[in-house]
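Colleague: Now for the letters of each chain:
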Amino acid sequence: MSSALTSTVLYDTPGPRARARYRAFGVLSLLGIAALLWYAYDSLAGAGQFAAAMWDPFQYTAIQQRILDGLQSTLTAFGLAAVLSLALGSLLAAGQLSDHRPVRAVAKAIVQFFRAMPLLIMIFAFYHSVFATSPLWALVTGLTLYNGAVQAEIIRSGVNAVPRGQGEAAYALGMRKTQVLFTILVPQAVRSMLPTIIGQLVVTLKDTSLGFLITYTELLYAGKLIASNTSTPNGYPYIPVTIVIGVIYIGMCLALTALAKWLEARGRRGANRRTTAAA
Amino acid sequence: MGILFEDGNFALFRAGFLQTVELSALSALLALLLGTLLAAFRVSPVPALRVFGTVWVNVFRNTPLTLLFFAVAFGLPRLDVHFSSFVFAVIALGSYTASFVCEVLRSGINTVPLGQAEAARSLGMNFGQTLGLIVLPQAARSVLGPMSSVFIALPRNSAVAGAFSVSELFSVQGTLTERGYNILSIFFWLAAAYLLVSAVVAVIFRLLETRLAVAR
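For the protein sequence lines, the chains are A and B, in the order given. Just so we're aligned, residue 1 is where the first sequence starts under UniProt numbering, counting upward by one. Just so we're aligned, residue 1 is where the second sequence starts under UniProt numbering, counting upward by one.
Keep in mind the hints are simulated off the structure, nothing from the lab. All of these numbers come straight from a predicted model, not from anything done at the bench. The reader is advised that the hints may include incorrect statements.
As a list, the in silico SDA-like pairs of lysine to any residue whose alpha-carbon atoms are at most 25 angstroms apart [said to hold, decoys possible]:
hint, chain 1, residue 1, chain 2, residue 2
1, A, K224, A, L68
2, A, K224, B, P77
3, A, K177, A, Q166
4, A, K108, B, P77
Covered by chain A, according to a simulated footprint, are these stretches of chain B (three or more residues, beta-carbon under 8 angstroms) [to be verified]:
hint, region
5, 46 to 54
6, 63 to 71
7, 115 to 124
8, 178 to 187
C-beta: ideal position from N, C-alpha, C; glycine also.
With the hints as extra help, turn the sequences into a complete structure.
Modeller: Okay, here's the thing in structure tokens:
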């Protein structure tokens, strides 16, 4: 957050000699980066990856439609998983904060178990056992269970970070447990943890690409279909497809991250200065 | 549940398990080295290196791991880069995890008190010495917690390699499924093995934390 601060404290304000040295380093590293980029460009061009025929397919409406369909499937899985994991997360967080020991123990066990399981294994297990005909639901169930457990931990730590006085004041006003939790603690917790929650949503979005491995026709799978069905004089356009799909994914994730950053900046401003450390 | 101990399954399972451990360990090593280098780039006085580090982290942190594996497995051979699928997996997993290591280390650098770097500078240390001898060792100690979650996630992520023709633990699943065993018992043992790896990593970090934690 205060990277500007540290990056200036790690070295003195450069004098004339240091400036010259930094400039020399700068030129050297620029040369190194340029060499790296040129090497990448050269090997791509050498393999004919920049040939017009490689990129032509992206002008066809059928191919564009396929990418859009893939994108839509990705967003469907993401939307379902996001909503369901947040719901499950709130439920499990409420369970972990319960006054009843058995409820607490069960919620804690569920959270620990699903946080520790490899997501891919869960998705495959669901695909092979329950949702053999519907990879979408295998993917969404796996994503929901894993991310729900993580969101539960985030929400719980947010609730615990709300100052004790808030809950005590609410009890003093005669509110019941549920009222205190849902009208006093959770709104404040969600506000302070929103950047972290969105950060986890970015992970959810990225993990939808695991659907590729269970033949769910999401973005990456659509890309593979395009690449393996288009024959050009220079071979199949796997690299152009990877670049296009990668740009789409990075764009979506950066947009979500930007939203989180904006919310964080908004939350810091004004009366609500309390920020909790990211988990 | 007893399928693990029937006709030669155990040897298959053990081979997959060892491959997973090897893959995770090598990727962890690559991620640690590359991540530290990137963190140094991101706080360095040279703008070109800072930009390089930032771009690397933003690209690799926002790319799904499956896409990275896809790019490495289908893309690199087309550029006449030919390695075994194991090496490809190490490259993909290592460079992906490196971006997370870099961000964790960088947040650790922010927790080191300003006086430390100032004292180092006033002793006449240059940037490399300040960072390498004074700041990074303290930063690494203070971020052992977040670092442990990065390295606990690594073996779990390595399961994706199994789908890209590395014969590790997860791909054992395919073989066993073909042999017609009960799905649930296969996944029971797989889950147990991955949980074991995660637990070992967690214990290692717990030990490191108790030995190295800084009392402030």
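Colleague: Of the numbered hints stated earlier in the document, which are not met by this structure?
Modeller: Hint check: 4 fails alone, others pass.
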